[in-house]
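Asker: Given next are the chains, with one letter for each unit.
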Amino acid sequence: MKKNSDDIDSVLIEKARNGNKGAFSILVNKYYPRVYATLFSFTKSKEDSEDLSQQTFIKVWQQLESFRGDSAFFTWVYRIAINLAKNFVASSGYKKQKINTSIEQAEIDISSFEDIESAVIHKQSLKEIKNFINTLPESLKTAFTLREVEGRSYEDISVITDTPIGTVRSRIFRARESIIDFMQKELITNE
Amino acid sequence: MNEINEKLSALYDGELNAAEVDELIDIISKEKRLQKQISMYSLIGAAVSQQSTNVTALDPKKNIKNAFSNIWFSNALTAAASVLLTLTFVNNVDFSRMDINTNSSKQISSAINSKEAKNIAEKSNEYLADHIMNIINDPNYMSSKNPLDLQNVGYKSNSDNGYIHSKGNERFQLRIENKNFGIKQIRYWKHGNKMIYLVPLNDGRVLTLYGNISLSSALSIAESANK
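Protein chains in written order, with numbering that gives the first Met the number 0: chain A, 0 to 190; chain B, 0 to 226.
Because the hints were derived from the structure by calculation, they are not lab data. Cβ coordinates follow ideal geometry from the N, Cα and C atoms, glycine included. Honestly, I wouldn't trust all of these hints.
Covered stretches of chain A (chain B as the covering partner; in silico rule of three or more C-beta atoms under 8 Å from a C-beta of chain B) [stated by the list, open to error]:
id, region
1, 15-24
2, 53-66
3, 70-84
4, 126-139
5, 146-156
6, 162-176
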């Protein structure tokens with residue numbers, strides 16, 4: 000049977016529902032970057048986004064029983080994050096002029112990025128990551144791209160590349176490790 | 000340790016069997032380093048799938064390493080997440096902006112700040128968020144039967160692969176909602192190398208276009224749909 004990222008989410012969600020905090024921590028770590036990015040687009044504040052990200056996953060944990068699986072897990076998490084962001088924005092003491100008060104405004108207001116370094120970081124680092132992937136050995140690049148870009152299963156990749164599944168798994172892992180290594184060396188300083 | 004990391008990579012891809020998953024969850028829950036590794040995999044996946052954006056480099060003189068150093072070490076995952084700040088923020092066309100005056104702006108502002116309006120807006124935002132997330136996450140969502148004939152605006156329709164419309168380099172899918180998400184003007188986003196356009200139609204419905212298509216083409220299709 001072909002498995003994919005959604006399948007493993009279902010497995011982890013089921014285990015988390017049964018109280019397995021390890022499974023839940025995997026889900027948190029898997030989706031934290033995307034939740035944080037979503038919340039940052041609302042708050043424009045690193046601290047507020049961190050707080051709201053934590054609140055999001057607390058709510059996710061509390062409401063996990065109610066997740067019916069009608070939509071992708073991240074879609075459900077995203078809604079929780081957005082609702083928290085809206086409540087946060089509506090709360091007193093928050094400087095409304097600093098942020099956007101609705102999804103609509105958040106999504107249209109490119110000028111609000113102008114004081115955010117990460118808008119610069121984003122484009123440059125994505126380009127650097129992409130360039131680095133192009134320098135990977137062909138075998139690693141092919142396996143990684145088939146998995147991450149085309150969403151192919153290991154079995155599919157094994158057939159396409161005429162390579163044992165174990166080798167496919169190893170190549171994808173090595174590609175990821177190389178990219179992480181590159182990011183830590185080239186995109187992140189130790190200052 | 001490499002063996003564990005390799006299993007983690009396979010777990011992330013949903014390629015471990017049940018027994019291996021159980022075993023690995025136990026290990027991961029005790030190791031913060033492995034938990035962070037999952038976030039990094041997620042970050043890489045998102046970075047690769049987005050590939051490029053139109054977010055302008057606002058200060059090209061700024062050294063990327065310095066920019067990262069400002070934020071990275073307080074929370075590595077948070078900083079990693081900032082790389083993803085993109086689902087993406089392009090623009091909004093306000094057709095009425097050209098002739099709106101200050102007084103009417105204030106009246107509109109007062110109206111949209113009423114409790115009722117806020118409730119409606121919040122509901123609309125939820126629907127809209129769901130709609131956008133479905134477009135991005137569900138490959139079948141946009142492949143509904145073609146509700147519009149676009150031949151009069153020069154597009155060929157191919158029903159073999161989810162009703163894809165094409166002309167030259169442009170390829171996109173469309174669907175029409177019977178609700179308007181509370182939008183009164185065309186809105187668009189960039190996701191990866193594709194555009195998402197939501198175009199309110201005269202009859203109160205909303206046309207969604209998703210794919211490689213320019214704003215001017217989206218507008219001409221909307222105009223055709225309104226006829």
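Asker: Are the hints correct? Go through all of them and say.
Answerer: Taking the hints in turn, this is what the structure says about them:
Only when three residues or more bring their CB closer than 8 Å to a CB of chain B does the claim for the region 15-24 of chain A stand; here the count is 5, and the claim holds. With a threshold of 8 Å between beta carbons, the proposed coverage of the region 53-66 of chain A by chain B is violated, since 0 of its residues qualify and at least three are required. Residue count for the region 70-84 of chain A with a Cβ under 8 Å from a Cβ of chain B: 8. That meets the three needed, and the coverage hint holds. Here the region 126-139 of chain A counts 5 residues with a CB under 8 Å from a CB of chain B, which clears the bar of 3, and the coverage holds.
Residues of the region 146-156 of chain A lying with their CB closer than 8 Å to a CB of chain B number 5, which satisfies the three-residue condition for coverage. Under the rule that three or more residues need a Cβ within less than 8 Å of chain B, the assignment of the region 162-176 of chain A holds, with 6 such residues.
Hint check: a violation occurs at hint 2 only; the rest are consistent with the structure.
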